[in-house]
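Each residue of the sequence shown is one higher than the one before, counting from 444 in our numbering.
Any given hint could be a false lead.
[Stated by the list, open to error] Lysine-lysine pairs mimicking BS3-like chemistry, simulated, CA-CA at most 30 Å apart:
no. : residue 1 : residue 2
1   : Lys1073   : Lys1224
2   : Lys849    : Lys834
3   : Lys732    : Lys483
4   : Lys715    : Lys732
5   : Lys1054   : Lys1274
6   : Lys788    : Lys482
[Said to hold, decoys possible] Here are the simulated distance ranges between beta carbons:
no. : residue 1 : residue 2 : range
7   : Ala1401   : Glu1292   : 42 to 52 Å
8   : Pro872    : Ala1193   : 24 to 34 Å
9   : Pro872    : Asn1234   : 22 to 32 Å
10  : Glu961    : Asn1047   : 23 to 33 Å
11  : Leu1097   : Asn1047   : 21 to 31 Å
12  : Lys621    : Leu871    : 13 to 23 Å
13  : Gly1041   : Ser1420   : 54 to 64 Å
Worth flagging that the hints you see were computed from the coordinates, not collected in a lab.
Note that the structure is a prediction, hence the values are computed from the model and not measured.
Backbone N, C-alpha and C define an ideal beta-carbon position, used for all residues, glycine too.
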Amino acid sequence: MGDRMTPIPFGELMNWVLTEKKQEGKVFGIRTPFKAGDKKLSLFTEQMETPFGPAAGPHTQLAQNIIASYYTGSRFFELKTVQILDGEDLPVNKPCILADDECYNCEWSTELYVPQAFDEYVKAWFALKLLSKEWGLGDENGFIFNMSVGYDLEGIKSEKVNTFIEGLKNAENTSIWKECKEYALNHLDKFKNIDKAYVESISPVVCTSGTLSTLHGCPPQEIERIASYLIEEKGLNTFIKCNPTLLGFETARKLMDDMGYDYVAFGDFHFKDDLQFEDAVPMLQRLQKLADEKGLKFGVKLTNTFPVDVTRNELPSEEMYMSGKSLYALTLAVAKKLSDAFDGKLRISYSGGADFFNIDKIFALGIWPITMATTVLKPGGYQRFTQIAEKLYKEDYKEFTGVDVKGLDALLKEAMEDNHHRKAVKPLPVRKLNKQVPLLDCFTAPCSEGCPIHQDIPAYMELVEQGRYEEALTVILDKNPLPFITGTICSHRCMSKCTRNFYEEPVHIRGAKLVAAEKGIKAEELIDCAANTGKKAAVVGGGPAGMAVAYFLARGGVKVTIFEKLEKLGGVVRNVIPEFRIAGSAIDKDVELLEKLGVEIRTNTRVKDIKELKEEGYDVVILAIGAEKKGEVKVEGAETVNALTFLADCKENLEAVKPGKNVVIIGGGNTAMDAARMAKRVPGVEKVSLVYRRNKRNMPADAEELELAIEDGVEFLELLAPKKAENGVLICDVMKLGEADESGRQKPVATGETTEVLADTIIGAVGEQVDDKLFVANGIKTGEKGRAVVNPLSLESSEAGVYVVGDGLNGPATVVEGIRDARMAADDILKKLAGKELASTEAFAKAMEAGKADYVKAAAKKAALGHAASDEKDGERCLSCNTVCECCVDVCPNRANVAIVMENGSVQIIHVDRMCNECGNCKSFCPYASAPYKDKFTLFHTREDFENSENNGFLTLADGRALVRLGATVEEHDLESTDGLEEGIKALILRVWEKYSYL
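Given only the sequences and the hints, what does the whole structure look like? Please build it.
This is the structure:
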């Protein structure tokens, strides 16, 4: 396997497209085409049906990329840049793309040789002429190709690049044009709407325009010389691609910082070396005048990507180029600066963070054509263009008369506040699962896999969206006995894994769960208990983990008693977490589920001796005690208050808490956020300050909790370390972030400066610890931090028949982690007491079947962006990834990952080796900790490719045999028999051989 693509001959390309369309109704895996009407816009001497398309980048490098773009609605194609340095002489480190949030790349020109690039563009042009008419997608003259060249005049004048330019101006006498034309004339029988006269009429004038790509550091004199050459000598309508460095270092740095991209590092040297704004304006004026004299059009392309430093091993290079959401405000700022200088009369071609959410706003300003790359590098891929085309086609089409300067100013201000483009307060959580992608049957719902209890999320999301609430709750209750608590305050790891994060925002899974619980509560009648086992279990501790283990055991036919030392069940959730986060009534509803199952609840009862419980006839004892040992924050000169104590006191009697006017919270976790938000609600408190030695980005609190604290008006005092307190003042060392520690966070380092914070009360919010007194008193072996030592597979302690779950096992944890532990312990207990684990109910099986997503319906949702309307209806946005994932198919610009529909209707993914350049984009978006271009079953084109790779895969041989590699074994197999192959692999190879031979 190499990192070089192999262009597909025109005949094979057309065979692929026409066969796939006929057999599957798809084109390069894309399901939904865009069909234009009569609307058009004029540009240069040409017309286009939609004023957008792919930028000069990964989506305009190969003919199939351009076909895919056209099929989904693009009508302006900025071809990938060519330069004198090409092919294997152009160094490109791989992987070269990282697009999981804002995008970075370390490649900039076509990776093909210039003559190969020329052939790809001519093949694409000819293919679009044929396909537009054959399939009725639009006017065959309704799209525009725009060549892109760089980066120095001598290179552009070289025979290689000059031949490229002249060939695109008129390809009629080139060998590739003749090849395309000959194919069409010889295969008219493959078309219904194409005849000889039409083929003969196809114009060989591929490009009448060019974009000059200016590499960072290109001197202004060189830029003007090249542009003048393209206008005067080559007669091309010309755009000059400008760099964000026109803004100046200070402006660019402030914009990035204000938008939350303060961690993105870049120096000022590019700003010094690049074209300066004061030089740019007169140069552009001269070039505009020159173009006018020649009867040509002139403008600027905004903007190039932005060079930044590689600081966290993002890509294998020292410098990389930033694009996407983080480039949006920078590009708008450059557009505003130039439009102000030219009074809106300078034509702007736009590329810099454009996407579905803003493209209509950009277009309405008179800024077009608009090109994109980052948005279609994300799940949904090219199909995102269809939604964009449909949106733009509804807009009023007006020929260019100038840029709306006032509107541009307003859009820039809007962008600065737009959360779609601002960076989130916290770094993105890890989206990938901690497991390798399987060779076959890889479709999975990352939300379910990321959930500690593997809740069947797509099923209940589908059922809630259909209004089938009882069935949805039945699905939830199979694995989750606390739907009201988790529907309100679950840490929702599922949502951090949701594929929708790569679209706009995660599906509102937690909210939908609460809707199911509230509207489907009658489903409790569907909770069938197993036959009574005659066994008894004692649960010590009535927090979430204790409640959960009681539920599972009761369902399994065990008589359960919960012993809780306080007045009510709920643990920390009831007694500490503020009422504004979860009401006691929500906890009561989960308690009612236990009572319906016959669980006995003894409150105000403290258990000290496990032996006594066994003497009472309990067969097993489950210790579900919390982490009750208060953590301490010591500050010289002050008595600090423990955060949990403060929260409990507030919950018991808010009026009795008198912390003074100025409250300081020390800490950065979720408990610190709760304490700070609670303090804001205490009568008499005027100011709440949260002190932390790192910045917000490095706080351990969940993003949601942190943002809620910000909304509540908590003052965040970042990079401060408490030193001592005196006279109502907390004195802190001022810190700065140094090198990263083992966790990847930058270590705080003292600067030598101090500052003062008003502090009537200091609250310490640090991790609580397990109090091991109960364990020690009952002979249970403990280990680090006083935690019980258990069998990791059963959670049984050193004392036979005594289990430990919840915070007493692992320290402070989330509710859903407590449920996970509870199920593990319950299953082991039931195996020992009743001979079998807890079984799902018949009602659950029926509900799961009812919640199974239809493949066609689920596939139709892919690529459609849009925010949630409500928790109840957010199932419309659920992508049903366990039914149709195909992320690696979507995000591959070259279409090198292909979905194979098997005879039984299931879908498998194969990788097509010859079309891959190892850009690495599929690795970013595969839910698994894997790279599909290396880890999926691979189809090879030549024996050399096969031998140069270690991928599992196959090569078809001329005599009806296949060469197959599985692991370290390479064998030849007869495709008629394929004896010796695992059934799934055999079926996949045969399916490709018989139905997907065009691959």
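Worksheet item: Are there hints from earlier that the structure breaks, and if so, what are their numbers?
Response: 12
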